[in-house]
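This is what each chain is made of:
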Amino acid sequence: MGDMRTEYVKTLIELGRENQKVVVLGADTTDSLKTSGFGKEFPDRFFNVGIAEANLVSVSAGLAVSGKISFASTYAIFLPGRAVDQIRNGIAYPSPPGKKGLNVKLVVSHGGLSVGPDGGSHQQIEDIAIMRVIPNFRVFIPADTITVSKLVRLMANEYGPFYMRMARSKTPIVHSNSQEFQIGKGITLRDGSDCTIAACGITVRMALEAAETLQQEGISCRVLDMFSVKPIDGDLLEKAARETGCIVTSEEHNILGGMGSAVAESVSERYPVPIKRIGAQDMFGESARDNEISLLLEKHGITSFNMVKQVKEIRSKKL
Amino acid sequence: MGLNYYQIKKNILRARKLVIKSTNLAGSGHPGGSFSMAEILGCLFYKHLKFDPSNPSWEDRDRLVLSKGHAAPGLFSNMAVAGYFPETELETLRKFGSKLQGHPDLKCPGVEFCGGSLGTGLSYSIGIALAAKIDNKNHHIYTIIGDGESDEGQVWEAAMTASKYKLDNLTAFLDRNFIQQDSYTEKVMPLDKNLEGDNISEMWKDASRWKTGDKWRSFGWNVIEIDGHRIEQLNSAIAKANATKGVPTMVICRTIKGKAVEHMEDNPQWHGKAPDSDIVPLINLELDSQFMIAPSIIAGDMTNLENEVKRCVNGRADYIHLDVMDGQFVPTKTFDHNKIKELRPLTVIPFDSHLMISEPVKHVKDYVEAGSDIITVHAEVCDESSFGEIHDLLKQNQVGVGLAINPDTDLPEWSYKFLPTLDQIIVMSVVPGKSGQKYIPETHEKMAKLSSILNERKFTGYIEADGGVNLENIGSCFEDGARAFVGGSAIIGQTDVRAAIREFREQVLQSRRRILIEKAHHLGGSELANKWIGLHIVGKKKDQLIKIAKEENLI
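Line by line, the protein sequences give chains A and B.
Quick note: the first sequence uses the numbering used here, first residue 1, plus one each step.
Quick note: the second sequence uses the numbering used here, first residue 320, plus one each step.
Just chain A, same shape as in the assembly (with noise of 0.2 Å):
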């Protein structure tokens, strides 16, 4: 298990000592992102605006219009969810001769249901749909802290406006050290002929529990992690509609123009196949205790157990 927030300022303190223009911002919730460790070590490179998002958006902006890196962090609630016209107009539209938006990280823990005891005002589940219709933007959701890493390294390293939607909870790891990722590519973490899951974020260890109890049934089941939900791996998800035929898709997001929505608009397109989303059925969360976690999203279908039963399901619906 490894908790993502830590891993990401672990990388972030890294980055700032390589790269001077490695810049930080949060919106009083630095502790609990942990960025504030970052604060410690590079003072003059760490700004809290309070808790004003709007604000923690845009000045992330002209910082990079000046040729910073900015990462600007807070709860994904109050990012896309309250700041989208900071975030669209101010970051993604704006683009310097040669370039596409400015050059600013929106990194968010707190994402989807899993967040549990705040409730439903706080478990963001519109954020994939919104931020992956604005221009310009690119967005992934890690699944475990080793995509955490090299997800930031990456992002520090290629110019542009990025989203990425970290887990609240501690999570298990799924992906080798070994492991490469590249922007618009999803990665295949079990191979199978059957059926594909293709999941992200916390669904990706469900959708790799779903395979092995498929597999005890005799059904060969494909798992991909397709953390980039955008650009998404329009071929990857091609070739496994070709060779599997049906495709499961799982995430803790609203079904409506989440992760399974851009798995649909690319597979329909290039190689139609039954598909079927799991994620929360355009349902509002409510409050989990961490224990009670499982039960909530259980609520919404988003377990391995409903995985194979969606499976199963949808083998019988093959062209």
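Bear in mind the hints are in silico, worked out from the structure with no lab data behind them.
Values in this document were obtained by computation on a predicted structure and should not be read as measured data.
Watch out, some of these pointers could steer you wrong.
[What the hints assert, rightly or not] Some chain B residues close to chain A (C-beta under 7 Å, calculated; not the full set): (1) C433; (2) S442; (3) Y443; (4) G446; (5) L449; (6) A450; (7) I453; (8) S537.
[Said to hold, decoys possible] To be clear about the criterion: a stretch of chain B counts as covered by chain A if any three or more of its residues have a C-beta under 8 Å from a C-beta of chain A, and this derived list gives those stretches: (9) 422–431; (10) 470–479.
Even for Gly, the Cβ is constructed at its ideal location relative to N, Cα and C.
With chain A held as given, fit chain B onto it using these hints.
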């Protein structure tokens, strides 16, 4: 660029005309808010801002962030005048494929901020200012926000943040024009003390109600409150802001939406509307007909000139005319540069030093050092070489250059080569040397003759009428082409200087309105005259226009 007072004014005029031209061609846009901030941008672009049009991304340039992005035509017009791109480029404003978008955009090199969504520019400027601090850079960040824009909560998030980080490299200007899209700001969302009743268009005139500065002060900003259309006040505020350490500065600029065109002034309709093509020539003529009124303090109490200066300032004179007489070139003696030096700290209002002295070339430097904003010397005591020396010295020191001719002097031929860069010509309408003389009527004829020479020789400065100018003859002086008027006893001799200046202005405006109606009638008959008059919906201007038009049989 470091231009003088008159050059800045000239460039602002050029930019205003481009705003009219470009919004007219685009068929939409925001002239009102472009005009209320015209002087703010003018003072920045032509005096304070460090920039290089041939290298827009020069690292050490000052940054100008137009947060009230809808006023883009104002920004683009000034950028054209400042040399970023040809003025003809303005013809593409808001059109498909243009780099001049409806709102400021990084697509246009030199633009620092993508505006359009209000309330975000100050935060963005904070980011730029923080980056400059990290990098130990000395450039300054200037940001213009609107008063309607100040409804946005993010403005106040930014207010706190700039204060927290002690951003003394950030200066913001509030374009306080009292009008936003729907109506007057105080009706939509009051920023100042709440006003009871409906007389809101008058509200900005009552200084006791201005509370916006207190808001910014309470957020920890250095606040300077000025008349945002007065170049000298802007220049002084910017200099003070740049010298202030440890806190950001907010310059609250009291302005008039649509400033410089009577039917647009203070009229909410002109927030976001383009002028019609048939009205454009009338607007341009009106813009060309701006004028200034300057009391001459020697007509007052010579034993207490300090007080006379204060009376002029309180009376809202545009500048002060200082008659320097040496007892040789003219029989009288008044004061010299030492007196001007003494008076200078009293005010930032421009000093127009009219040197009625022999051999001005020997002394002109003293008058530069004393703090004159414009210095006028007499043609009778100069030749091409000495005037050339004076001309160059004044330009180098950002002081305006004036040339005066006595009633019996014609403009000498040697002066023609200087006309394109001359800031002022004084046509004396009395024999200089004593005050209280009557206006010499032949001056009208002389002015008419002079006007054609000046037009031919591309003179773009001010013609100043000096001597015996009063309420009776000021209108005809304006019709002759004078655009600056020196008032002696008719202003400074009055108990209420402010009322006297107001009457002077009103008289000139009457003449100007008459000329404009005649022009409208000439261009489009009574239909256009009626249309133009109908645009004047604020205040009593319309009644006066109808009266004039009826007198002249034009409608």
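Exercise. So which of the earlier hints does this model not fit?
Worked result: Hint 8 alone not satisfied by this model.
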